[in-house]
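The chain contents come next:
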Amino acid sequence: MRLPTGGRIDRSKPLRFTWDGRAMTGYAGDSIASALLANGVRIVARSFKYHRPRGIWGAGVDEPNAVVDVVWQGQHDPNARATLVPLRDGMAVRGVNAFPNVAFDVFGAIDLFHRFLPAGFYYKTFKWPNWQRFEPRIRAMAGLGRVGTLRDTRAYETRHAKCDLLIIGGGPAGLAALRAAGAGGVSVILADDQPELGGSLLTDPAEIDGVDGAAWAASVAGQGRVLSRTTVFGAYDDGSYGLLQLRDHAPEGWGTARLWVVRAAKVIFATGSIERPLVFPDNDRPGIMSANAVRRFLHGQAVLPGRTVIVATNNDSAYATAHALAAAGASVLVADARGEPGPVAAGLRVLPATVPLATGGRRGLAWVDLGPQDGARRERVPADLLAVSGGWSPAVHLFSQGGGTLRWDEALAAFLPDGGETVAGSITGAADLATCLAQGHAAGLAAAGGGDLTAPRTAPAPAPGKILPVWQIHPSAGRQWVDLQNDVTAKDVGLAALEGYRSVEHLKRYTTLGMATDQGKTSNVNGLALLAAATGRGIAEVGTTKFRPPFTPVPLAALAGSRHGRLVAPLRELPAHDDHLALGADMRDYGGWARPGCYQHIGETVIAAIAREAENARLRLGLFDGSSLGKIEVQGADAAAFLNLMYYNEVANLRPGRLRYCLLLRETGVVFDDGVVARLAADRYLLSPSSSHTAGVLAMLQAWHQTEYPTMQVAFHDVTAAWATFAVSGPRARALMEQLGSTVDVSEAALPHMAMAEGTLHGLPCRMARVSFTGDTSYEISVPSSYATAVWRHLLDLGAPLGMMPYGIETLSVLRAEKGYILIGTDTDGMTLPVDLGLEGPLRTKRVDFVGKRSLLTPDATRADRRQFVGLLPDDPDNVPAVGSHTVTGQCGARRSLGWITSACMSPLLKRSIALGMIEGGRARTGETVEIFHLGGITRATICAPVFVDPAGERLHG
Amino acid sequence: MVELTRARFDAPNVVTPASLHLVSGPVQAPNTAEGDDPVTLWLAPDRVLVVGWAQPAAVTGGFVSDITDGQIVFQLSGPNVADVLAMGTTLDPALLAPGRCAQTLFAGVRALVYRRGDAVCVHVDRPLARFVADWLAQTATAFAGATTR
Amino acid sequence: MLLLPCPHCGLRDEPEFSFGGEPAIRPVPASAVDDATWADYVYLRSNEKGPHREVWCHSGGCGQWFVLTRDTATHAVITP
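Residue numbers (the numbering used here), protein chains in the order written: chain V, 1 to 958; chain U, 959 to 1107; chain X, 1108 to 1187.
Don't read these hints as lab results, they were simulated from the structure.
A portion of the hints provided could be inaccurate.
Claimed, not checked - Here are the in silico distance ranges between beta carbons for each label pair:
| # | chain 1 | residue 1 | chain 2 | residue 2 | range |
| --- | --- | --- | --- | --- | --- |
| 1 | V | P877 | U | T1099 | 50 to 60 Å |
| 2 | V | P462 | X | L1118 | 41 to 51 Å |
| 3 | X | L1118 | V | D152 | 44 to 54 Å |
| 4 | X | G1117 | V | G451 | 21 to 31 Å |
| 5 | X | I1185 | V | A924 | 47 to 57 Å |
| 6 | V | T125 | U | T1099 | 49 to 59 Å |
Note that the structure is predicted; figures quoted are calculated from it, not measured.
Even for Gly, the Cβ is constructed at its ideal location relative to N, Cα and C.
Could you put together the complete structure from these sequences and hints?
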């Protein structure tokens, strides 16, 4: 219920929202959780596995239960943690993982079968006859929220920042550090996940330097860059941190989450600590809350979660809650597990050496059985709220991610960070405000390199009493919950130990304890303490599981940032890109370049377009945009010698003005790239790697030069983007070239196949190369890329009377298949050697130790049964075999693969299907029929040489 | 003689230097920018980029490649440049002092970045210029008319 | 996100770099190398936990290769 006064809420601003369709009201300053509690909502969720009704436990990131579905202003979050979402007017909030709703979930019946669903039940209950039968149903029931189907088209901001000091946490310790470091003149970023700075100062009234704690917090904020509603979710290498900042509003088209990547020279972890639950029978009933959270809701939002309250504790900190509740008018009884009670104020009833033994109540807590730990006696006490404190676990997650080590402190019953001056506040185990302020101040001064600013002053507190660790109450009774979100009980921990899972990492994975969206913030320490007891070890010896980012969930959209839609990945455009679009090109991503697959006419299918273009290019004249092909200029006194050490083929004896088709190998001997090497002068070459490998080839050349041959005089310029290249191909190609009007002599004698020349084309520098990937006479014309559009259009104009049509890369793929020209990565894979392709010459004749040479001499490289590149003619001329289908033979009653189809298409010239493949011992099998297996069926083909059109290559010379 | 026209890359913030030349051979202190027009930008221990702004730079001798058509130069100015850089690159802004240049990744793409007067120049390969222009256009909307309700 | 020391450009962020693995001495000439030695060079690396010699390339920057020693357990660069 809501108290009539108090809290840091604005009662002049009522906010309307709905909970599972019911209209409710809250105020500015509420979280969804506090608003639900104020409206008397007790059941906010159903647990993951057993669908048990659950209520709100905590007030912040520690909350394990209240995962809800929130829709507001067109934004949908199916996995919101109710304690972390500020209430806004018009929010529609729903429970998840229940039908029809969390209050009356029919799947609650699953809990009746809990005996058959212990930890590891996948491998036990549902093993026979076949796990796969049950898996789809079980998976369908898993998960919490339902993902929406609307596509999020917004971009999300990413900001990179550098600072001298990153302070994580805006409570008193973090703020004291900010005050000290800011005064020292270092650049500081402070991140705090709450909408308002202050941390515990917002929960507990305090006076610092004579002013109210919250006001002091606000006054300090100006000392540095403060990011509110910002969670540091990960500590990464070398002082880099990931931060997620939330805002209510963002500019049109932008999401409200912003990712910060911060590089900090120094850091201060002022991340606080998290209250632990006590483990006792039925400790998951709605109405059982963290004592500290009760106080946060009480002082923060004037919410009283119950009127008849039992406070169960094993340490002093819960007494502040007991007093605050009593002051608010609740009837309070403290059950202290210790023999000596804590700091009792007048009138507070305390039962020493008393713990909760059981709880009851159908739609939420109604009573608690209290008694000694051994359960010898019990008294049933009515209560609608049980505020629990089992101790405090410092929030060491980020500290540990950053490489910091922890040690178990027996006296405080906590894992403390060995952090020196990088940690301040309750993360160190400090319990009182004065110590937190002093630690933060010292840490801030140290980070700033010193200073004489005095620490903020507050009233000192008496030393707290000791904690009595109580890891489990009454071990044999009832179901005692350890991980609320993943429904893991103390018995599951015992089961894991019994089955041999003694490591805390195994405990986690076997029981899923600590693997839910709350990442075990309230269950990790309790779980490992139980494991320690079950395996006869100390807690220090068991240790914690490894902490990994993210600390709290981060939306994938925030990590993607601007990378979505058109900007999902850099895509290169050809210089004449717009012209291709205007011609109806079907543009696709080929190796990072947008290239035309073919140019469809209106009403034409892609297959028809390819057939039309291919036939035209073969019989008349085609025009192809090859501007994406790499162009690397190589120059130097040692250029020839160096390239000869790189390429498989001999390039040092290439004459200026001549081209050679060459392979580049990896050191494993595997073919990495093929391309054309042109010699321009004695000391100058022009390399043409394939479009998708240009960067890789350049990287390879530079790597070998720098690391293996640094004394060789050679340099590399990637000029790919500076030149546009168009291929004119077909029987009428020379006819067009003779009309082109360049200064280059294009006669067969002056420019034969595999030759090149430089000149000008209407005043533009141009390079002409006779190189063919179609098998027909081809000229590649290169001009500066700013003139790409002009020259493309000029070529189409000149070519129109000659029947010229543009053709795309899919068409080229068909034309080259007719000739058996390989495509790297299609006809070759990570195992293909030059010998497999029938290219053995250089291995025999080339003397230098080119890259990969030695690998071509190994037993595996020289065995006789290697797969070899061959052609296949399917028996059925209309059957185009599926690429990747295997050719098979029978062996010992089973099928054995002999290889596979690498390329296949209809040949427009031959008007029948053709295929290329890599077949075991293929070259010796010419004329043999093989069986091709695909999707349960067998077809047949005859092996032949890998060339179907013009085997002698006469068409190249036109 | 046929008149072949030069296409301009159409996007906001694009400037067109008169010439761009890759030159291998000259030695210069790493990540420095020498001169004004032409300005010589360090790329590698043995390689520089010579940018001629008003007129083509006279670059002779050694291994020279004319890549005037191969790069697009974006010139960013205005109150939001620091934020745009913070969104596009992890580069420490202190590395963009006068007389310095840096090669880095900008919007995920290889870029050469340096100050020119009050503005920041970003050179990218021409094929990727459309992607970077789209990225800049989208990023600009993060600042234009930000709502504060 | 590692911060790596390019010898020319200074400290830069990890996305600007490509990893080249552990450097190896190339056994030459090919005619004098037995299969086992060659296979070790091509495929085997020591892959230590702890200080580890590595080559990196500043591929998103100046394109230069360099060697450093880095602890594979803590990720810290020991000697640039």
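Violated hints - listed by number, lowest first: Hint 3 is the one this structure does not satisfy, whereas the remaining hints hold.
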